[in-house]
Structure formats: C-alpha cells, structure tokens
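> Going down the list, the sequences are from chains A and B.
For what it's worth, the working numbering labels the leading residue of the first sequence as 591, then goes sequentially.
For what it's worth, the working numbering labels the leading residue of the second sequence as 0, then goes sequentially.
Check the hints yourself; a few may be wrong.
To give an idea of the interface, some chain A residues facing chain B are shown, with a C-beta separation under 8 Å as derived from the structure [said to hold, decoys possible]: (1) A646; (2) P666; (3) M672; (4) D678; (5) W683; (6) H727.
If you are wondering where the hints come from, they were derived from the structure by calculation, not from laboratory data.
Ideal placement from N, C-alpha and C gives every residue a C-beta, glycine not left out.
Next come the chains, spelled out residue by residue.
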Amino acid sequence: MAEPLLQVDGVTLQYKTTEHLVTATWRVSFAVERGDRFVLLGPSGCGKSTLLKGVAGFMQPVEGRIALNGREVKAPGPDRMMVFQEFDQLLPWKTVHQNVMFPMLCAGKWSRAQAAERARDFIAKVNLSKFIDVYPHMLSGGMKQRVAIARAMAMEPDILLMDEPYAALDALTRRKMQEELLELWDDVRFTVLFVTHSIEEAIVVGSRILVLSPHPGRVKAELNCHQFDHTAQGGAEFQALQRRIHDMLFAEAVEPVEADAHG
Amino acid sequence: MGKVDKIQPQVRPEYEVTDVAAAQFGEVQRPLSAFERIWNVTGVRRFVVVASLAIAWELYARYLDNALMFPPFSEVVEAFYLAFAKGPLFGRMLTTLQVLLIGYGCGLALAAVFTTLAVSTRFGNDLLSTLTAMFNPLPAIALLPLALLWFGLGIPSLVFVIVHSVLWAVALNTHTGFKSVSDTLRMAGQNYGLTGVRYVMAILIPAAFPSILAGLKIGWAFAWRTLIAAELVFGVSARSGGLGWYIFENRNLLETANVFAGLLTVIVIGLFVEGVIFRAIEARTVRRWGMQR
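The whole structure should be built from the sequences, with the hints applied where relevant.
Structure follows, in structure tokens:
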C-alpha cells in the first residue's frame, strides 16, 4: 500500500497558559488518505483544534511526528490551507475577489491573470459571483465562510484543514453549508481534515471519523460514515451510529447526558 | 405546601397565510424630500455652523465697536486677504509648513524604528513602553528651553520639539494597533507562507491601519500646536518667522485684525488637513474596509 497523504504518528501536543502546562493530546495516531473527508470529533477539551493546529504547523509536537506526503511538517505553509471558525479570517482591506487571489499571488505558483481567473471560478463554485467585488464586512457569516473555503480550495492544497468552520453559524445556514461542501467535494474531490464537536455534523460531512476523548485528547475509535448524508439522517442506521458515538463519548459521565450531543 | 397549578400552553387552531394583496402595504419606499437630502450632506450642516458663527461674530463686534480689541469678521477677512495677497502671510505660512513637515517626517521615521524594535524584541517592547510612559505626558513645549540651549535659535530647535510631540503619540498608537491584530488574521497570513517583512507589510500594517491612522492624526495635531506655540515664544530672533511669529508681531503692533488673520490661517490649515486629507485617506481605507464607521 502507498503511504498515506497525512500521517500523524504518536503525537503529543502541549501548550502553556499563564498558569499551567496543558497536554492537549496524548500519543494520537491516525492516517488520512487522498480523497478522505476525515473528521476529528470530540467534546471540548479533547485537543481536536490543537491537533489541527499541529497539522497546520502552528504548533510543534513534543513527541511523535506529523508528515504530509512523507515530509515532516515544521511550519505553516500553503500546501495545508486552513479554514477557521472565526469570521474575521478574511482580510478586511481586500474584496472577495482579492481575498481569494491573494494567497495564490503569495505562493507565486500562478500569474496574476491566472490567479484572477481561478479566483473567479472558485467564487462561482461557492455561489458568490454576485458579491465578487464586495468587501468582507458587507457579507453575512455564512458568506464569509464560503469565501474562506473558496480561498483555501483555489490554492489546490494537498489537504484542506477546517476548524469547526460552521460552528458559529445558525442551524439552517449550517445545514446548507454542509450540503454545499459535499457537492463541492463531489465536484472537485479534495482531501479535507474537518474538526467538529457535533456528532451529527461529523456523520454527515465525514467519510471517516476519529473519535477523541478529553483531558488529554486520546483516540477512542476510528469509524466509517461514508455511507451517510443528509438524506440518511432520519434512518435507523444513522441513528444507531449517532447513539454509538454518543455512548462512546459519554461513557464515563456519571449521569447520562442527552441533549448536548446533537448540537 | 399546596398543589401549584403549572401554566400550560394553550392549544389554538393553526393557520397558513396564502396571499396578501400588495395594495395593503401602503408606502414601502419613498424618496426623501429635497430639503432632507440636502440636510443629509455633512458639508452643508458644517457650513451652516460656520456661517452662524461668522454672523454672530460680526454682529457682536459691530455692537462692541472696538476694532482694537475685537475687530468684526468682515475686517478680519479683509486683513486676511490683504495679508495673503500683498503682505507676508503666505510666506510665513510656507515657513511654518516647511518646519512642520520636516519635524513630522522625522517623528514618523523615529516612530517606525521604535515600533519595529518593539514588535520584534521583548526588550524593544519594554523600551518603548517605558519611554512613552515617561515622555507622552510631558508637553513638548516644556522642552523648548532645553532645545534652545542645545540647538540655538532656529529650525533645529523647532524640529526637536515637534519630533518629541509626534514620536510618542504615533509610536504608542501604532504599537497598540500591532498588538491588537487578531490571532486568526495572523495565522491566516502565516498559512499563506508569509514571513518577515512581507508578513508585516501584507498583514500586520493593513490590519493595524485604523490605529496607525489615529496615531498619524494625533501626531499631526500635536505637531501643529507645538510648532505655533514654539514660534510664539522665540520667533523674536529668527529672521524669517512663521505663523506664530506673525501673530506675535502683529499683536505688538496692535494690528488686531492681522492677529485674527494669522489665527484664521492656523484654523484653515488645521481644517484642511483634518477635513480633506485625513478624511480622504479614511474614506479610501478604513471606512471602505468596514474597520471604522
């Protein structure tokens, strides 16, 4: 078997607050293959966002190794484009078009004309052609996230990193964005590493789920969910998987927690 | 304890709205009247304020009838015109602006050096914080005696006090601006593979621009005030004085209308820089980007 696109091997990540040294993840291992929609799922405190920052190169593991295409990840780079949860990730002094073009120009892989053309294409793919010359402050939260996705995808990264990109959106917009992401994946076939705390979102968006348990983040299970999308949501199998993950995550809880898991 | 009746939601019949006749809405949208639209222009409202002040001034001065103490507005305008067209006012203004630009430029350059040090090293950060804490509250004009001692009468002394008034205000604002750039934007920039100078130019400076611009405006105002005040103090010995000296000179000659003309020039230049130059920069940058209302 060929080596995986992304190999995370026994990675322990730590960060310092003003008072503590926090171990965010402990000896986490997983592999992402090309075309995967790989989801890191867990409750808050399981280090999933920290893990993503490690893959992005913003943090160095204290133990273990992260390798993309066999090369060890040492610093942030445009081969791993990140989509953040926060809406302020777009550069407010650039229009939608310029925002999507800018990283392409920084990378120097495309000429200005090519970058402009590609940016237009990808903005069309996320259905924002009408807003191409608008500044980010005039867009809604969902539109900003779409621009961020277009910006990341236009770079043709080896892997797309998404850090709870829909967590700050309202439920209706979130669902629409999930559907759009799946359509986009169907069209372009990129590889994505997706972080979420919502079991439902993980099953719908992902093709494979890495379930993490908190304090510190450790691998609990790796599950398949490529067979499910929004249409499967009411189905018995879907609910069974949801139940299974829920029990996995809250097995240690003294009292059963119901409502929280569906967020 | 007795049994408490809990409130229950009332069950009512359901309904769906199928159609509403458009005529029922009444006015949905209506253009504003001509007067409302004119009154919405900031320039018009400001002009009304200035015009009312000028009229009040004229009336009060006529009533007072003492041109030596308080000449009427019309006389001041005449003196202003004469001093500009035939008198020395224009040359004085140029002298002042020249010194001002030299001082402002040097102040900005030094502020850039200090801020670069402050964002790149921890010691630089401490240095800038301490220096601004010490010198920002110190009025630049208080350093004038020392400047005269060191640099003598002339432009270098003026530049010294202007630099002092500009430097700390601009450095403080710029530094604050850099520090408040969000982590998300920083990470986005690093994600593009930007490092070093490119990262600062492409991400940090535009992101901190509202603060930088605020610093530039405050620095300009400080420099302007400091310079006029400094000129008033020692323009006496400089052969080609600036506006401050012009004001001082005419007071000694009891040419009160000319004193007012000098003050008017100071006000007009201040309004021009604030209302035209900085406003244009704001409209093209921070306002358009939605970083400031």
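> Each hint should be assessed against the structure and marked as holding or not.
We went through each hint and held it up to the structure:
The criterion of a C-beta within 8 Å of any C-beta in chain B is met by A646 (chain A), whose closest approach is roughly 7 Å, and the hint holds. A least Cβ separation of about 4 Å between P666 (chain A) and chain B falls short of the 8 Å threshold, and the interface hint therefore holds. Restraint check, M672 (chain A) versus chain B: the minimum CB separation of about 5 Å is within 8 Å; hint holds. Hint status for D678 (chain A): holds, given a least beta-carbon distance of 5 Å to chain B, under 8 Å.
Hint on W683 (chain A) holds. Least Cβ distance to chain B is approximately 5 Å, under the 8 Å limit. Interface hint at H727 (chain A): satisfied, since its Cβ lies 3 Å from the closest Cβ of chain B, which is below the 8 Å cut-off.
Checked against the numbered hints listed earlier, the structure breaks none of them; every hint is satisfied.
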